[in-house]
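> Residue numbers (the working numbering), protein chains in the order written: chain H, 4 to 346; chain G, 4 to 346.
Bear in mind the hints are in silico, worked out from the structure with no lab data behind them. Any given hint could be a false lead.
Some residues of chain H that are not near chain G, with every Cβ distance over 12 angstroms (derived) [as the list claims (entries may be wrong)]:
hint, residue
1, ILE41
2, HIS58
3, ASP176
4, GLY225
5, GLU247
6, GLU259
7, VAL277
8, GLN283
9, VAL340
So the derived label-pair ranges between C-beta atoms look like this [stated by the list, open to error]:
hint, chain 1, residue 1, chain 2, residue 2, range
10, H, GLN283, G, ASP130, 55 to 61 angstroms
11, G, LYS228, H, ASP18, 38 to 44 angstroms
12, H, GLN204, G, GLU54, 49 to 55 angstroms
13, G, PRO276, H, LYS228, 31 to 37 angstroms
14, H, GLY7, G, GLY143, 53 to 59 angstroms
15, H, GLN204, G, GLU74, 24 to 30 angstroms
16, G, GLU259, H, ASP179, 24 to 30 angstroms
As a list, the in silico DSS-like pairs of lysine-lysine whose alpha-carbon atoms are at most 25 angstroms apart [as the list claims (entries may be wrong)]:
hint, chain 1, residue 1, chain 2, residue 2
17, H, LYS282, G, LYS268
18, H, LYS251, G, LYS331
19, G, LYS331, H, LYS263
20, G, LYS200, H, LYS81
21, H, LYS228, G, LYS251
22, H, LYS263, G, LYS173
23, G, LYS258, H, LYS282
24, H, LYS268, G, LYS200
25, H, LYS282, G, LYS263
26, H, LYS124, H, LYS258
27, G, LYS251, H, LYS258
28, H, LYS200, G, LYS258
29, H, LYS87, H, LYS59
30, G, LYS251, H, LYS251
31, G, LYS173, G, LYS59
For each residue, glycine too, the CB sits at the ideal point set by N, CA and C.
Here's the letter readout for the chains.
There are 2 protein chains.
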Amino acid sequence: MSIGSTIAIDAMGGDFGPEVTIPASLQCLKDNVNLRLIFVGNETVIREHLEAQGHKDSKRIRIQHASQKVEMDDSPAKVLRTKKDSSMRVAINLVRSGEADACVSAGNTGALMATARFVLKMIPGIDRPAIISTLPSVFGHTHVLDLGANVDSSAEHLFQFGVMGSELVKAIDGIDHPTLGLLNIGEEDMKGNEQVKMAAQLFENSDLNYIGFVEGTALNAGSTKVDLIVTDGFVGNVALKAIEGAAKMIGYALKEAFNKNLLTKLTALVVMPVLSNFKQRIDPRLYNGATFLGLRGTVIKSHGGADVVAFANAVKIAEVEIAQDIPKKISERVQQVLAERKH
Amino acid sequence: MSIGSTIAIDAMGGDFGPEVTIPASLQCLKDNVNLRLIFVGNETVIREHLEAQGHKDSKRIRIQHASQKVEMDDSPAKVLRTKKDSSMRVAINLVRSGEADACVSAGNTGALMATARFVLKMIPGIDRPAIISTLPSVFGHTHVLDLGANVDSSAEHLFQFGVMGSELVKAIDGIDHPTLGLLNIGEEDMKGNEQVKMAAQLFENSDLNYIGFVEGTALNAGSTKVDLIVTDGFVGNVALKAIEGAAKMIGYALKEAFNKNLLTKLTALVVMPVLSNFKQRIDPRLYNGATFLGLRGTVIKSHGGADVVAFANAVKIAEVEIAQDIPKKISERVQQVLAERKH
Chain H
4 MSIGSTIAID
14 AMGGDFGPEV
24 TIPASLQCLK
34 DNVNLRLIFV
44 GNETVIREHL
54 EAQGHKDSKR
64 IRIQHASQKV
74 EMDDSPAKVL
84 RTKKDSSMRV
94 AINLVRSGEA
104 DACVSAGNTG
114 ALMATARFVL
124 KMIPGIDRPA
134 IISTLPSVFG
144 HTHVLDLGAN
154 VDSSAEHLFQ
164 FGVMGSELVK
174 AIDGIDHPTL
184 GLLNIGEEDM
194 KGNEQVKMAA
204 QLFENSDLNY
214 IGFVEGTALN
224 AGSTKVDLIV
234 TDGFVGNVAL
244 KAIEGAAKMI
254 GYALKEAFNK
264 NLLTKLTALV
274 VMPVLSNFKQ
284 RIDPRLYNGA
294 TFLGLRGTVI
304 KSHGGADVVA
314 FANAVKIAEV
324 EIAQDIPKKI
334 SERVQQVLAE
344 RKH
Chain G
4 MSIGSTIAID
14 AMGGDFGPEV
24 TIPASLQCLK
34 DNVNLRLIFV
44 GNETVIREHL
54 EAQGHKDSKR
64 IRIQHASQKV
74 EMDDSPAKVL
84 RTKKDSSMRV
94 AINLVRSGEA
104 DACVSAGNTG
114 ALMATARFVL
124 KMIPGIDRPA
134 IISTLPSVFG
144 HTHVLDLGAN
154 VDSSAEHLFQ
164 FGVMGSELVK
174 AIDGIDHPTL
184 GLLNIGEEDM
194 KGNEQVKMAA
204 QLFENSDLNY
214 IGFVEGTALN
224 AGSTKVDLIV
234 TDGFVGNVAL
244 KAIEGAAKMI
254 GYALKEAFNK
264 NLLTKLTALV
274 VMPVLSNFKQ
284 RIDPRLYNGA
294 TFLGLRGTVI
304 KSHGGADVVA
314 FANAVKIAEV
324 EIAQDIPKKI
334 SERVQQVLAE
344 RKH
């Protein structure tokens, strides 16, 4: 971690608000002595929660009052127009002003994206922000973008996602030339839609470590390790949620099998330690926290339904990305790519 | 089953050819006394495999020689042009001539689709064929289309998929008004791309039991039961394979957890019956067999890597669809929808 990074926490965001955001963030504060936090939201409520957590005054915590709260079903347009003093907006303002190095919110994705884009602005050369996150895979993990910020991405947009994603993977995983796959419905050249076929050409002509088309299986269990998978946000979002649903169904079926009768219930007791080891390996909470790429600042989106463990993971992702100064790295890389194109 | 249905089996198709297709089909012949089979492919090879299975001459089996074989990586255009005597093409010809009521193939999807479309032609009023299959869900199962026949489906195409899919679900599951969801990246009206938003309007103005947008989680584990999920083939194919990959990864992680040490290995022995009960519930082999909808004939595509259990399942799907005469039902329904539009 860099010395003295400061994270603005949208304390009111998410399904559970300060009940989750505050204990989770305090846990991170405990784990990293160089971290400072700014809790943004209703000051009275935040104070109550800090006290409930037995928290004493600390130089490493600041409260920034914000009178409004973004609801999970507020439209982005409405939020931009009428919620200028929301905890979400004020937290992002703190990133723009430089008082915070990053902001973490479990609030409404659309509103967070629109506000972040409006307040922080795009990195020059990048047309649209994209959402990137990691998925567990048989090889460890895979980074995937876009997970829902965009629909109808053009080949150029897909290429920009690849440039941004590669920089993030390089910095976070410490890989010099991360492998990049383009999500498609087959591995052969003739497969796919026009955008994907044209994006493939852009990647082939770039110095990115492009390995070709990959299929949906590659997200979790491809035949070779892919560090980064690029796709349109519609496809990426559906795939991400399909995986969530599959894991949920398999969990149910497993539970059902162990609940069948007394004998299977006894078996469940014996097998519990093994199953919890297994669960830990694919615990979605440990993959919580998606990054908005392409903005002039670091914004991490936590799942709205995140619990303390999950939200803390999102804060930890912010810590890592601050240390690596991802927006700066992307900006430098994009200028380089643009310069190469002009030649 | 209808009395005396006949299925043409592309005996040479798939990764394993007659090694799988013949024993699997013979199993179905044994299970259904009203079934007749036409094995299409190299006559000598087919005879050898029938003999190896201890099969005696039967009035219920016919061999139709075909001198060529479609390879898994043959392009559809090449197959149409140069493989007119392939086991795949001849099997589909038998459906057109009425000698067979359906055809089952584990061959190359693109080639099978192109050949089926060329030989059988589309149902009037339907622009493009679509691939439909079922996925296990927490509520039992869900039918999903399109799974990869189309990319860039328009709103009208999505609507046609819904009309066709609803007829299939009605007939197969015996549900009068199957619920239909449109796959999207959120449930709110403002979400999604133009095609999906426009398709939603078409569904809302129809008499289909349209329930609105559903997210990727709904494929396996939605909050309410959805009988049929409609999407573009690019999205559907990626989602299907993402689910495949997730299940594979979870399987690996489970195996890993039980293989950790001697104690966990002993636990595995105790838990085996419970796990096999669980596996059966979500066994992908029991979901093998996708239907090409929109053609004037029944064509079932088996997974290329299908084993005997899986291929037999695809043949059983063909038996059910023959009994229900799905192409006829779709054709009647489409004429009705078209007539309503003209009013």
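> State for each hint whether it applies.
Verification of the supplied hints:
1. The claim that H:ILE41 is not at the interface with chain G holds, since no C-beta of that chain comes within 12 angstroms of its own (minimum 30 angstroms).
2. No beta-carbon of chain G comes within 12 angstroms of the beta-carbon of H:HIS58; the shortest separation is about 36 angstroms.
3. Interface exclusion of H:ASP176 from chain G stands, the closest Cβ pair being 19 angstroms apart, more than 12 angstroms.
4. Not every beta carbon of chain G lies more than 12 angstroms from that of H:GLY225, the smallest distance being close to 7 angstroms; the non-interface claim is violated.
5. The Cβ of H:GLU247 does not lie farther than 12 angstroms from every Cβ of chain G; its closest approach is about 5 angstroms, which violates its non-interface assignment.
6. For H:GLU259, the requirement that its beta carbon stay farther than 12 angstroms from each beta carbon of chain G is not met, with the minimum near 7 angstroms.
7. Listed as outside the interface, H:VAL277 is inconsistent with that label: its C-beta sits roughly 5 angstroms from the nearest C-beta of chain G, within the 12 angstroms cut-off.
8. At roughly 9 angstroms, the least C-beta separation between H:GLN283 and chain G is not larger than 12 angstroms, which violates its mark as non-interface.
9. Annotated as non-interface, H:VAL340 keeps its C-beta farther than 12 angstroms from every C-beta of chain G; the closest such distance is 27 angstroms.
10. The given range of 55 to 61 angstroms is broken by H:GLN283 and G:ASP130, whose C-beta atoms sit roughly 49 angstroms from each other.
11. The beta-carbon spacing between G:LYS228 and H:ASP18, approximately 24 angstroms, falls outside the hinted interval of 38 to 44 angstroms.
12. Look at H:GLN204 against G:GLU54: about 52 angstroms separates their beta carbons, and that is inside 49 to 55 angstroms.
13. Hint check: G:PRO276 to H:LYS228, Cβ distance near 35 angstroms, so the stated range 31 to 37 angstroms holds.
14. Checking the proposed 53 to 59 angstroms range against H:GLY7 and G:GLY143 shows it holds: the Cβ atoms sit about 55 angstroms from each other.
15. The hinted range of 24 to 30 angstroms is satisfied by H:GLN204 and G:GLU74, whose Cβ atoms lie roughly 27 angstroms apart.
16. At roughly 29 angstroms, the beta-carbon separation of G:GLU259 and H:ASP179 lies within the given 24 to 30 angstroms, and the hint holds.
17. Between H:LYS282 and G:LYS268 the alpha-carbon distance is near 17 angstroms, which keeps this suggested pair within the 25 angstroms criterion.
18. A distance of roughly 38 angstroms separates the Cα atoms of H:LYS251 and G:LYS331; the hinted pair therefore is violated under the 25 angstroms criterion.
19. The straight-line distance between the Cα atoms of G:LYS331 and H:LYS263 is roughly 43 angstroms, outside the 25 angstroms bound, and the hint therefore fails.
20. Note on G:LYS200 and H:LYS81: the hinted pairing holds, with a Cα-Cα distance of about 20 angstroms set against a maximum of 25 angstroms.
21. For the hint linking H:LYS228 to G:LYS251, the alpha-carbon distance of about 15 angstroms falls within 25 angstroms, and the restraint holds.
22. This hinted pair does not check out: H:LYS263 and G:LYS173 have alpha carbons roughly 32 angstroms apart, beyond 25 angstroms.
23. Restraint check for G:LYS258 and H:LYS282: satisfied, since their Cα atoms lie roughly 12 angstroms apart, inside the 25 angstroms limit.
24. Restraint check: the Cα-Cα separation between H:LYS268 and G:LYS200 comes to about 47 angstroms, which exceeds 25 angstroms; the hinted pair is violated.
25. Distance hint between H:LYS282 and G:LYS263 is fulfilled; the C-alpha atoms sit about 14 angstroms from each other, no more than 25 angstroms.
26. For the given pair, H:LYS124 sits about 47 angstroms from H:LYS258 by alpha-carbon distance, which is inconsistent with the 25 angstroms threshold.
27. Using a Cα cut-off of 25 angstroms, the hinted pair G:LYS251 and H:LYS258 holds, with the two alpha carbons roughly 18 angstroms apart.
28. Simply put, H:LYS200 and G:LYS258 have alpha-carbon atoms about 38 angstroms apart, too far for the 25 angstroms limit, and the pair is violated.
29. Proximity of H:LYS87 to H:LYS59 is assessed by CA-CA distance (about 30 angstroms); at most 25 angstroms being required, the pair is judged violated.
30. For a cut-off of 25 angstroms, the pair hint linking G:LYS251 to H:LYS251 stands: about 14 angstroms separates their Cα positions.
31. This hinted pair does not check out: G:LYS173 and G:LYS59 have alpha carbons roughly 39 angstroms apart, beyond 25 angstroms.
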